[in-house]
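Chemist: Here are the chains, one letter per residue:
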Amino acid sequence: MIPSIHQPRPIRIAYRAYVVLFFLYLALPLAVVSVFAFNDSQFPSLPWEGFTWAWFFGSERPMIGVFHERPILRALGNSGFIAVFVSLLSVVVGTTNAFLFNRYDFRLKGLFYVLMLLPLVIPGIVLGISILVFSSTVANAVWDSANVEIEALRPGITLVILGQFSFITTIVTLVIAARLQKFDRTLEEAALNLGADRLTAVRTVTIPYLAPALIGGFVVAFLMSFENFNTTLMLVGSDAPLTIAMFDRLKEGSTPLLNAVSLLLMIGSSLLALVMILFQRKS
Amino acid sequence: MQAGAKLGFILLISPLVLWLGLLIVIPHVDMFLVSIRERIGVGQYQTSFANYMAFFGEPLYIITFIRTAMMSILATVITLLIGFPVAFYIAKIAKGRLQSALFLLCLVPFWVSELVRTFGWMILLRETGLISKFLQWSGLADQPVEMLYNDVAIMIGLVYTSMLFMVVPLITTMESLDDSVIEAGYDLGGNGASVLREIIIPHAMPGIVSGSIVVFMLSLGNYLTPTMLGGKDSLWFTELIYSQFIVRFNWELGAAFGFMLLFLSSVIVWGTLKLTGQTLKSTMG
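Top line first, the protein sequences correspond to chains C and B.
Residues in the first sequence are numbered consecutively from 1, following the working numbering.
Residues in the second sequence are numbered consecutively from 1, following the working numbering.
Hints are not guaranteed to be accurate.
Stated by the list, open to error - BS3-like cross-link-like pairs, simulated, lysine-lysine; straight-line CA separation at most 25 Å:
1) C/K109 with B/K133
2) C/K182 with C/K109
3) B/K133 with C/K251
4) B/K232 with C/K251
5) C/K182 with B/K232
6) B/K6 with C/K109
Said to hold, decoys possible - Only part of the chain B face toward chain C is listed, based on derived beta-carbon distances under 8 Å:
7) L23
8) M31
9) A101
10) L105
11) V108
12) W111
13) G120
14) I213
15) I241
It should be emphasised that the hints constitute simulated quantities derived from the structure, not laboratory data.
C-beta: ideal position from N, C-alpha, C; glycine also.
Using the sequences plus the hints, can you model the full thing?
Modeler: Printed below as a string of structure tokens:
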């Protein structure tokens, strides 16, 4: 138990060993993926054929590296585009939601709050198909009545953005609301007393205070969007984001190219997470 | 409300209403409407429960449904059992730098996409994989061992994928438990087991509930792990939904399946909240 309660030595050692084993279990698959990105072979498995950078920089068959593999680069671009849009949208709506629940009392507030949490307990795949069904209904109705085809409502990037936005917003709202909760309202009142109007007070006092949560929410949304699979799977069109493109390749059989992409993803997301932590520590 | 405040209120509530209305509520209503219609000709439909009848009339669908629920519950329990001691260690035993380092280490694997994690397990478990090679090398097996494409592999993947969502809420709730309360438990004659049962677990309950709900939801709705680690016969309910929608283009039946999944998850989440006396607001918000 806790350090102040004496426990026999074997129990303490066994407990520590268990925790170490746990972290090995967490690290194992990721370590394996990373190591085989450098295997000079067509398969990400033993035997070890020697070290190579070819799966990153190779430009000739059979070893075309990540940086010369067009479809993967395009999928990466799609993912980045989607993630930026989703993050921007969900930070904006997350902020308005946080202010709404923090500053106003209105009828059915409790109901709205529960509704706002609901996307967290709806399976991602169900969110995906419900948006797919609804957008087709709308698109078909428009086509039947006006003979206009709305491309954005058919599976593709727009729907993927909307689908991811639909549940990531809840998480971003919670992140921002948590910080707004701790905000000292008297600071805003002081600004009002000094002659600022409400909007200026919020802009110059409250928003800077919220900045760490806004950036944190943005990064979380970005990463969640980037790695989302279930909702995206149902809404994807011809321009697939990276997770879907990798999934399609994985079904056909894997080469260390996928390991190389995975390793780059790991490095990228760790750096992002690190930046976020440093930023939040500073403030 | 004065005019300015009223305008502000309208400006703030519009995005919320648009988001929840257009992307959550109306799509689900529409999906329900699609699920209760039956195609009787080209472009002709009538309202009926034929799709739900099809679900209840086909044993394979029901078996898959129940199996998915059971496996998800089992995955939740295993995740809790594995994660609880680790969360306790991080929250109450590790101190200072070690504590924050371990906490961060818990988070790191999950900043990587689920696809990468699953891929890692495939490299480890498959016939030509690392564990198989290791068993042969050590003499425990004399031929390649296939460890993919079975229920244990699915379970390993599910537990791994959802570990973070169990450990983090557990750590957060247990951190707030004062050491002196545990000490008092011992002073009053309690032993490890009774302190755990009477003090630590009741205190950690909100964390246990929210962790379990999230892990259950993630397992139930998982598509990637069962397909990649369980192979063709993994019989996961999300695969049925996917195949009705994308492969067979039978949206009516797919929508009915989607509703069954939503119904199952809602019932279990609601039941868990009621049983433990928690609310969605207290565990999620």
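Chemist: Is the shortest C-beta separation between B/I241 and chain C less than 8 Å?
Modeler: For B/I241, the interface hint holds, since the closest Cβ of chain C sits about 6 Å away, which is under 8 Å.
Chemist: Given a cut of 8 Å on the nearest C-beta pair, is the interface hint for B/L23 held or broken against chain C?
Modeler: Interface hint status for B/L23: holds (4 Å vs cutoff 8 Å).
Chemist: Go through the hint on B/M31 and say holds or violated, using the shortest Cβ distance to chain C against 8 Å.
Modeler: Holds, because the Cβ-Cβ distance from B/M31 to chain C comes to roughly 4 Å (cut-off 8 Å).
Chemist: For the hint on B/G120, does the least C-beta distance to chain C fall short of 8 Å?
Modeler: Where the cut-off is 8 Å and the nearest Cβ of chain C is about 3 Å from B/G120, the hint holds.
Chemist: Checking one constraint from the list: CA of C/K182 to CA of C/K109, max 25 Å. Satisfied?
Modeler: Status holds; Cα separation ~20 Å.
Chemist: Would you mind confirming whether the straight-line C-alpha gap from C/K182 to B/K232 stays at or under 25 Å?
Modeler: Given pair C/K182, B/K232 is violated - Cα atoms ~50 Å apart, limit 25 Å.
Chemist: Given a cut of 8 Å on the nearest C-beta pair, is the interface hint for B/W111 held or broken against chain C?
Modeler: For B/W111, the interface hint holds, since the closest Cβ of chain C sits about 4 Å away, which is under 8 Å.
Chemist: Tell me if the straight-line CA distance from B/K133 to C/K251 falls inside 25 Å.
Modeler: Roughly 23 Å separates the two Cα atoms, so the pair holds.
Chemist: Check the hint pairing B/K6 with C/K109 against an upper bound of 25 Å on the C-alpha distance.
Modeler: Distance ~16 Å between B/K6 and C/K109 Cα, so the pair holds.
Chemist: Verify the proposed pairing of C/K109 with B/K133, using a straight-line Cα cut of 25 Å.
Modeler: Given pair C/K109, B/K133 is violated - Cα atoms ~59 Å apart, limit 25 Å.
Chemist: Taking only the CA atoms, is the gap from B/K232 to C/K251 under or equal to 25 Å?
Modeler: holds, 11 Å
Chemist: Should the hint that B/L105 touches chain C count as held when the rule is a Cβ pair under 8 Å?
Modeler: At 6 Å from the nearest chain C Cβ, B/L105 passes the 8 Å test, so the hint holds.
Going through the hint list in order, the structure does not satisfy hints 1, 5, 9.
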